[in-house]
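**Q** Listed below, chain by chain, are the residues.
Protein chains: 2
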Amino acid sequence: MINALILSADNFEDTELLVPYYRFKEAGDEVIVASAGRGAIKGKHGYEVAVTKSLDEVNPDDYAILVLPGGAAPASVRKEPKALEIARSFFKHNKPVAAICHGPQILISAGLLKGKHATCYLSVIDELKESGAIYEDGEVVVDGNLVTSRQPADLPAFMREAMKQLKQ
Amino acid sequence: MINALILSADNFEDTELLVPYYRFKEAGDEVIVASAGRGAIKGKHGYEVAVTKSLDEVNPDDYAILVLPGGAAPASVRKEPKALEIARSFFKHNKPVAAICHGPQILISAGLLKGKHATCYLSVIDELKESGAIYEDGEVVVDGNLVTSRQPADLPAFMREAMKQLKQ
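Read top to bottom, the protein sequences are chains A and B. Counting from 41, one number per residue, gives the positions in the first sequence under my numbering. Counting from 41, one number per residue, gives the positions in the second sequence under my numbering.
FYI, nobody ran anything at the bench for these hints, they're computed from the structure. A few of these clues could be false.
Copies of one chain are not kept apart here, so a pair can be met inside one copy or by any two copies together.
Stated by the list, open to error - Straight-line C-alpha distance at most 25 Å; calculated PhoX-like pairs for lysine-lysine: (1) K169 - K135; (2) K207 - K132; (3) K204 - K119; (4) K135 - K156; (5) K207 - K65; (6) K82 - K122; (7) K207 - K169; (8) K119 - K132.
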């Protein structure tokens, strides 16, 4: 059993949070949803998800994988210094980070994508390139510990690679 | 690779269709969404899913597993004679059938639950019992080829058992 950490906020893309959330639980893993405040966060399509820990309560050493769903949530998560610190800790220890859609925006703000092969949602491509990443248009791009995808339709490939990272 | 068949209609419970849909694709399987008409069906939370085949075009022999998501969709699917015929064919050949939430309503209409251990959404319990099923309150109930769950929060256990059926 591993612990998976999902960082998000209100207006997340519902399936990009819920599909990984249920997938890790199917595998018998524990899933922690962390956000700036406690309570619940609400997706663009109306799904509510309980926040298990506030960002301040998260010790990144406790988790085997970091998942960054998309939607409008990353626009607020990227403003949280603790969220960027968590992302940097995962990269420092070479632990898997899986970001989809707008999720890579958090990694851009953390300055973690320079020289990395990555993909993202259409509207994020420009800032991804400006951050020094090598953009690729594919359902999933894997570069070391980093797994990125473009959109909800890529979730099967995204989760396949995320689960593979955990078996390594 | 196997072929998975999802039977649904408008007003499906979005995650109960999309989580299995993406999960089978993650495993490399083909997923067919069938409904009374062609085009697209829309979930209660607004997700649209393309219909791959109309019910009339479905030959149940082509599929290894049948998935029946919940929401308000089963109320219309259960009125389709071809849908009931498809469900009966799966039971006849002892192939896995996974129904969640209101999904078991289709099996009730097909007369397939007599003497079977099963679960379902709270509001479906009475008619499930009246159909002769042995109701159990659990995140997942497995009886031979039949896998049933109560609600979206049960999806991890539901998919774990559905995937296990395919490995047998």
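**Q** Could you tell me which of the numbered hints above are not met by this structure, giving the numbers in increasing order?
**A** Result: hints 3, 7 break, sorted rising.
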